[in-house]
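**Q** Okay, here's what each chain looks like letter by letter:
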Amino acid sequence: MSEQSTHTPAVGTSYVRTDLEGKVLGTAEYTADIALPNMLHARVLRSPHPHANILGIEIGSATKLDGVFDVLTPFNVPEGKVAPDVPILDSRVRFVGDEVAVVAAVDIDQAKAAIDLIDVCYEVLPFSTNVHDSLNSASFPIHSEGNLVNGGPLIETRGSIKEGFDQADYVVEDSFTTPDHHPASLEPRAALASWDGTRLTVWKPSRGIHADKNILASALGLSPNNIAVVGPAMGAGYGSKDETRTSVMAALLSIRTGRPVKLELDREEEFLAGRRRHSTYTEIKMGLKKDGTITAVHAKTIMDTGAYLSSGPGVVRRAGQGILYLYKCANVKYEGQLVYTNTPTAGSYRALGAPQGHFALESLSDKASEILNMDPLEFRFKNHVGPEGQPGERTTPRNQIIDTQPVEGGVPFSSNELRQCLKLGAEAIGWDRRDYIENAAGPIRRGIGMSMFIYRGGPGGQSNAEISLDQDGLFTLNVGFMDVGEGSSTVVIQMAADTLGIPPAMVRINGGHTDKTPESPMTAGSTLTFSAGHAAMQAAKDLKDAIINASLKLIGLGDSEGLYLTPNGVKSKCGESISFLDIVHNAGPIKTLASVTPGSKDYIVNSFGAHFAEIEVDTETGHIEIIKYIAVHDSGRIINPRLAEGQVRGGVSQMMGFTFLEDMEIDPHSGVALNASFLEHKSPTIMEYPEIEVIFADSIDPIGPFGAKSLGEPPCIAPAPTIANALYHATGVRINDLPLTPDSVLLAMKNLL
Amino acid sequence: MDSHLTSDRVDMDDNETTTKFIVNGREYSLKIDNRYTLLDILRDHLRLTGAKKGCDLGECGACTVLLDGKVVNSCQILAARIKDKDIRTVEGLSQSETLHPLQLAFIENDGGQCGYCTPGFIMAAYPLFESEEELSTEEIKLSLAGNLCRCNAYGSIIDSVAYALEIKTNE
Amino acid sequence: MKGFTFKEPSELEQASDFLRDGSGGYILAGGTDLVTEMKQGIIEPHLLVSTSQIKEMCNIEWNQSGVKIGSMVTLSDIANSESMKIKLKSLVQATGSIATPQIRNIATLGGNLCQRPRCWYYRNSRFDCLKKGGAKCFAVGGSDKYHAILGGHSCYIVHPSDSGTALVALNAKVEIYRKSQRIIIPIVDFFTGPEIDVTRENILEPGDILISIHIPNESMAGSSVFLKAKERKSMDFAIVSVASMVKIENEIISQVGLAVGGVAPVPWKLNTLESKLVGMKKEDVDIESLCSGVFNDAKVMGQNGYKLHLAQTYLERALNLVLANSN
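Chains as they are written, first to last, in the working numbering: chain A, -9 to 743; chain B, 25 to 195; chain C, 2 to 328.
With the rest of the complex left out, here is chain A:
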């Protein structure tokens, strides 16, 4: 930025979320809010069986019903696929709630009435509702490859764990389980499709409209050019809304009937046909020297992916990253196995497998420190991975970008303020008091616990952004990513505005329409601030040059050196100026498109953090109350403190469900999800919200845009082990199985029966 600029930076300020006004007014339009003339309403017939072949479907009476326009069945849909293991509709159903048929009718009541008239002939198959049964050699295969995804585990290893455990004075090991945790976004899935005879437009909640467009094209056998995907406001998804069958079914119905078709899932359907967090079983083992050095870490995780694979491979990989990289150690091994079951599909949910992996790892770390007779915090100070990275040799070729989930050693981090996080958190919670907590007589026990984490820092593949100076003298940023409520639009505007040297209020953002925006990655993996930010910055930089060049000609100066942008236009050192309106009036609108693949060939870009909690446990009722919660994050430079704080507070609170309340209950005899409702799948209410203090470490990443790194998912990783470690400190009881419901705490207290 030019020295003469009078620009007040927007980066680092709590610029107001750009899309909040429509949300408070109730005018922000979500998919279900949209109605088109002559629109039909669709309803899905879902399988009552956990596993069955559909031998035949009788739809005659349904189609004859007044107001019914079309019925899709596995036997009348095209052959396309919505995912490698998911056809548009399948003649095999794999969980209670799997899609069997879809009706389009004049209204939803009539569609439901038609559903009741469809007669399906099922051949019921043996089923399994848990990984234990699926792994039984006698179990019936759910997919042709069997019940083990890829026939065996994903294995990642550095050094030799055999050597590592041979060097160990102690070996500490344990096993841990985590629940099926449902994101249950408040907005149920919906899709609206409209076919005009040549072109298809689909409105849907989406975290990747361009990716969705390609899936729709391949499933329906259409050219991507004949499809527009529009992402209206989205009632969140936390990663879970990458399922596309819903929109493919609506699209096909629209193509066949020639009328717009809306398919809205109800709440139970959102639980069943949505995506849940993979439940896990992890065996983990750590080798230790007497002085506390870690010689080896080995973990084996089994994950329940449910009926379909979805994003399972990404999830099982991410569950291992903490195990492989959080602690300085030459010898590590992670084995992750995905297993099919006849239950609702697991998929992406905020931080993917990281919370599960870190729950096992960080619980075990506390156990390790106890064996060493070492304070758990001191154990982390001694062993956490430092800025220099892991021991070992770099294996990535020098000309390649370093992966954000590396296994290799020998590569330093671009920034790593984990140590600072530990210090700041310990101070804020008052860790010094920990050994001196006195409990009054009675059932209440107080304890303090902590844990730390590592996570990908933001580089997320190619990202594009287009920015223009428009006829009205204002700027428009065209980006293909979706702001799903995390505020990426706002921070990207801040970065573009500062790059240009103008106030953020002069920048509009255009997103959510594949016809109008360049390709962009999905809102996934906490990559947007970093990757879309870099793209927006580059486009803004190019636009600034283009504007200066245009104004150079217009003002008639020979030197671009002294020119800079102000809110009113371009100014020179000598005081000459030209307004943006004059520039576009004379030179026409100016537009630049940038395509970047951000990342580093020399450094690992990762985010870090440490969480601390003080809790009270009622040992007679099993109730746990959080007294104080501290979340310290190294996410590099914070672009928008208020939004960032909201992400952390929200992430921590969301994981209170995973920690204390939420699990999907599948009836073992029927495969039916018993608690597919907000009342029974007990997501935290405002009453569960603890006071959460958010601290950002002083950190500026040299690779990140304006020094920023990822923040969307990291807040979700540490809450569960932090609470479980505090529970142990309070009561001397360690619970390895989440969630920590009153009954499980009581059972663990052995007070019972």
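Just so you know, these hints were derived from the structure itself, not from any lab. No false leads were mixed into what you were given.
Pairwise CB distance ranges, derived in the manner of DEER restraints:
(1) B:P151 x A:E606: 31 to 39 Å
(2) B:E158 x C:N297: 45 to 53 Å
(3) A:H122 x C:I61: 54 to 62 Å
Even for Gly, the Cβ is constructed at its ideal location relative to N, Cα and C.
Following the hints, put chains B and C in place on chain A, whose structure we already have.
**A** Leaving out everything else, chains B and C in the frame of chain A:
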């Protein structure tokens, strides 16, 4: 607006009720299929889509509106029972261009993330804003305990409501 | 949801006529439960009879013998009643702990007493359970974490009404309109377990209307406490609840009411413990030893054993509190 809010297909006989009610100050007189809820009427027939269908079972609060001044889940109110009722939705809070102080407070304090729960929370908070009593944080939370926010923006929501109440007191 | 006729009479007799025999009619009180059941396809009424225009069902009447609360009085009207906060603490605590502010503004006391169970097999239309006229109770050998440890017999639901638990401990009575007559019975006799009729939870017959709930002065003269264990602080039913009422006269315990919720198909009244306490001096009460063995008849299933421990703990705490508050 005066129309027959029934599907064009089934013979309804007495499965309909004629009723008169007020929404955001405007009077409506309609013949309503008994199965519809107030939420259906608002969203599908009056095209007021600020109230959301998060669960349709009274378990999330996203459809919260005021019914004669009381917060209710509009998905639980059969439309046949709204005769002579005065209903207020989020669309009825702002006066033309001017946002209600609660709406401003939610913007100021970043009280929404994905925004799907936001209209429900604002309506649930509305009686607090109207009340003369001074409220503790705990009392604010209790009043909002019927609304789920899956982004868990609860901290900012509490801040927003507390801010609105404080501004009002200081005025 | 299937279509239905809607009636809103202003007289009890009219309402009762609409509902009599084979009408397939249901009373619509607040509707927070009934409408949900209709949406989920658990029931398919042809007729709904709203009782919101029947004046005497909507009033709270304080009289010489006590208070008469119309069954259509909302839970929030009770929870916010200044008089009841003083005289009927347990009922205020119970009604205030139910569901959410939105629901309490609509849901009625009568509706709360007559609501159907929350058993997840009952609530899921995929299971044709005993209570819905089917052949078996799916909780037996199934997922039984929230199910009954007492009085299960053949169906292991727990009664969902918190106000019911409080009112049983307050020795309340209910007034019912039956065949043009008014009958008044103790509320404890209003609730019925599966051994009587597995398809219902109370004595109401088609055409019967629960008019009001009467709480006698004696019960209001003492002190009362309602405690509720839940997994989530709002929007949750009791995993266990305990209501207690104690009146002390001349240093002697003269009246006691104790009921446990969330453990049985009916609010579970602890008659034996009540009679043991009557006649004792407050300072002679050894709560732990008195309460030990109270739930000896409990039969735990696979995952609901913790309820026994919770019930014991909450009973002791509720007794402690109510004795501490009474003088």
